[in-house]
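> All chains, please: the whole structure from these sequences, using the hints.
Sequences listed follow chains X and E, in order.
The C-terminal position of the first sequence is numbered 212 in the numbering used here, with every residue numbered one higher than the one before it.
The C-terminal position of the second sequence is numbered 212 in the numbering used here, with every residue numbered one higher than the one before it.
One should not assume that every hint holds.
Chain copies aren't distinguished; within one or between two, either way the pair holds.
As the list claims (entries may be wrong) - Below, a list of computed lysine to aspartate or glutamate pairs in the EDC-like style, where the Cα atoms sit at most 20 Å apart:
(1) LYS90 / GLU72
(2) LYS70 / GLU54
(3) LYS70 / GLU28
(4) LYS90 / ASP156
(5) LYS141 / GLU189
(6) LYS70 / GLU204
(7) LYS141 / ASP193
(8) LYS70 / ASP137
(9) LYS141 / GLU115
(10) LYS70 / ASP97
(11) LYS90 / ASP145
(12) LYS25 / GLU50
(13) LYS90 / GLU149
(14) LYS141 / GLU94
(15) LYS59 / ASP145
(16) LYS59 / GLU166
(17) LYS25 / ASP137
(18) LYS25 / GLU72
(19) LYS141 / GLU72
(20) LYS70 / GLU136
Simulated from the structure, these hints should not be mistaken for lab results.
2 protein chains.
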Amino acid sequence: MAPTGKHRETILTAAVSLFRRRGYSGTGLAEILSESGAPKGSLYHYFPGGKTEIGAAAVSAAGGQVTRTLKALAEAHDTPEALLRAYAAQLAAWMEQSQWRSGCPIATVLLETAPQEDRITKAGADAFSEWTRVFEDAMIQSSVPPERARSLARLAIATIEGSLILSRVERSSDPILSSAETVAELIASARGR
Amino acid sequence: MAPTGKHRETILTAAVSLFRRRGYSGTGLAEILSESGAPKGSLYHYFPGGKTEIGAAAVSAAGGQVTRTLKALAEAHDTPEALLRAYAAQLAAWMEQSQWRSGCPIATVLLETAPQEDRITKAGADAFSEWTRVFEDAMIQSSVPPERARSLARLAIATIEGSLILSRVERSSDPILSSAETVAELIASARGR
DNA sequence: CAAAATATATACAGACTGGTCTATATTAAT
DNA sequence: ATTAATATAGACCAGTCTGTATATATTTTG
Chain X
20 MAPTGKHRET
30 ILTAAVSLFR
40 RRGYSGTGLA
50 EILSESGAPK
60 GSLYHYFPGG
70 KTEIGAAAVS
80 AAGGQVTRTL
90 KALAEAHDTP
100 EALLRAYAAQ
110 LAAWMEQSQW
120 RSGCPIATVL
130 LETAPQEDRI
140 TKAGADAFSE
150 WTRVFEDAMI
160 QSSVPPERAR
170 SLARLAIATI
180 EGSLILSRVE
190 RSSDPILSSA
200 ETVAELIASA
210 RGR
Chain E
20 MAPTGKHRET
30 ILTAAVSLFR
40 RRGYSGTGLA
50 EILSESGAPK
60 GSLYHYFPGG
70 KTEIGAAAVS
80 AAGGQVTRTL
90 KALAEAHDTP
100 EALLRAYAAQ
110 LAAWMEQSQW
120 RSGCPIATVL
130 LETAPQEDRI
140 TKAGADAFSE
150 WTRVFEDAMI
160 QSSVPPERAR
170 SLARLAIATI
180 EGSLILSRVE
190 RSSDPILSSA
200 ETVAELIASA
210 RGR
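Set out below in structure tokens:
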């Protein structure tokens, strides 16, 4: 692929970071441009669909990053509850480091735009589906019955998303760690340990 | 109290409804004004702090509405799991009716503004705390150990918030109902049934 | 080397933003 | 009735928003 222009990537990176902190409506294209160093022409060259297309691309990119992180953690830990605990710990650390400003990289944008904006909604659905799949697979591999694995995986994702909101409001990692722990125990018992 | 000007209430109602659908940054004061029928002067008369103050008041008002709903449901159902199921069903119906446009009335605004905006963050923390309390009390009343009641109550809130995001993206009530059911079963077992 | 595609760079437009300001009603207190 | 407080009304401002248009580089292809 290689010789794609230098600015596509920087625009996307800036967009992901800004959308995460300020949300979709709260982030102006000018801000993305100045943080990325790209001129406006490049933006509409790479994303002719304008802000909507950047939003969808950012959700997709951020979703992919999380998927990769989860897969790496799944490799490193041999039980689904360990995976969940490890990811929660990582989120907690990240939240603290950003002083509770950078939560889920896609939740805010999705709440602002879904289900009206089709492309963004689709990108979000794909991301959630991938994340869920990682948990689901980890559980099946630990001999959780498939049906149960699916619903527990969705619960894990929902819990993480929700506790990230609480965490921001309370300026504390407690909600993340505590909720994850409760679900982790539930998962552990589901695989008949 | 009585003779407060007629427009304070209409402004607040419009703000709650618009923030819920479009988020904080996505809602302009002009929109709130036109939906409420009030002129700009009234807005700054009642909310001299401008948009931030309206945001905080809207979060507080919406939070109070949910609290009242939860308390009513807690009265009507005699177990915490029944309370959760009933509330989830109500949310699911509401989401469907709004075609997955109106989710949690405070989550979007909070993700956009917390923890930077102090007053809004505080209003959100108070709301979550009240909601949690309703679940916590219901569980304690059903002889769930206090410590466990607290963490399960927070899990319930986190799960609801998270599944409302998933629900919007998937344009389906499934995530709400499914996650709530899983947590309901967990609660049921926690009170030693 | 020339033509074409790709990419970069700004200037600009029209609408909308939150917020301030001043003027005018309306109600309450003296 | 007069003063004071409360409330309503909308014009206005400076700044920002997304998006378009046009011009110039840079690379790739024939």
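> Each hint should be assessed against the structure and marked as holding or not.
Here is what the structure says about each hint:
Taking the shortest Cα distances, LYS90 and GLU72 never come within 20 Å of each other, neither inside one copy (27 Å) nor across copies (43 Å). With identical chains, the CA atoms of LYS70 and GLU54 are at most 20 Å apart within one copy only, with a shortest distance of 16 Å there and 26 Å across copies. In this assembly of identical chains, the alpha carbons of LYS70 and GLU28 lie at most 20 Å apart only when taken from the same copy (15 Å versus 35 Å across copies). In this assembly of identical chains, the alpha carbons of LYS90 and ASP156 lie at most 20 Å apart only when taken from the same copy (10 Å versus 39 Å across copies).
In this homomeric assembly, LYS141 and GLU189 come within 20 Å of each other (Cα to Cα) only across copies, at 8 Å, whereas the closest approach inside a single copy is 31 Å. For the homomeric pair LYS70 and GLU204, neither the shortest alpha-carbon distance inside one copy (42 Å) nor that between copies (43 Å) is at most 20 Å. In this assembly of identical chains, LYS141 and ASP193 lie within 20 Å of each other by CA distance solely across copies; the values are 17 Å between and 31 Å within a copy. Within a single copy, LYS70 and ASP137 get their C-alpha atoms as close as 13 Å, which meets the 20 Å cut-off; across copies the closest is 29 Å, which misses it.
In this assembly of identical chains, the alpha carbons of LYS141 and GLU115 lie at most 20 Å apart only when taken from different copies (18 Å versus 30 Å within one copy). In this assembly of identical chains, the alpha carbons of LYS70 and ASP97 never lie at most 20 Å apart, being 41 Å within a copy and 49 Å across copies at closest. Only within a single protomer do LYS90 and ASP145 lie at most 20 Å apart by alpha-carbon distance; the minimum there is 15 Å, versus 36 Å between protomers. When the C-alpha separation of LYS25 and GLU50 is checked against a cutoff of 20 Å, the pair qualifies only within one copy, where the shortest distance is 18 Å, while the shortest distance between copies is 40 Å.
In this assembly of identical chains, LYS90 and GLU149 lie within 20 Å of each other by CA distance solely inside one copy; the values are 10 Å within and 37 Å between copies. Proximity of LYS141 and GLU94 under a CA criterion of 20 Å is satisfied in neither setting, with 27 Å inside one chain copy and 40 Å between copies. Within a single copy, LYS59 and ASP145 get their C-alpha atoms no closer than 29 Å, and across copies no closer than 42 Å, so neither meets the 20 Å cut-off. Proximity of LYS59 and GLU166 under a CA criterion of 20 Å is satisfied in neither setting, with 49 Å inside one chain copy and 55 Å between copies.
In this homomeric assembly, LYS25 and ASP137 never come within 20 Å of each other (Cα to Cα): the closest approach is 28 Å inside a single copy and 39 Å across copies. In this assembly of identical chains, LYS25 and GLU72 lie within 20 Å of each other by CA distance solely inside one copy; the values are 18 Å within and 43 Å between copies. Only within a single protomer do LYS141 and GLU72 lie at most 20 Å apart by alpha-carbon distance; the minimum there is 12 Å, versus 34 Å between protomers. Only within a single protomer do LYS70 and GLU136 lie at most 20 Å apart by alpha-carbon distance; the minimum there is 11 Å, versus 25 Å between protomers.
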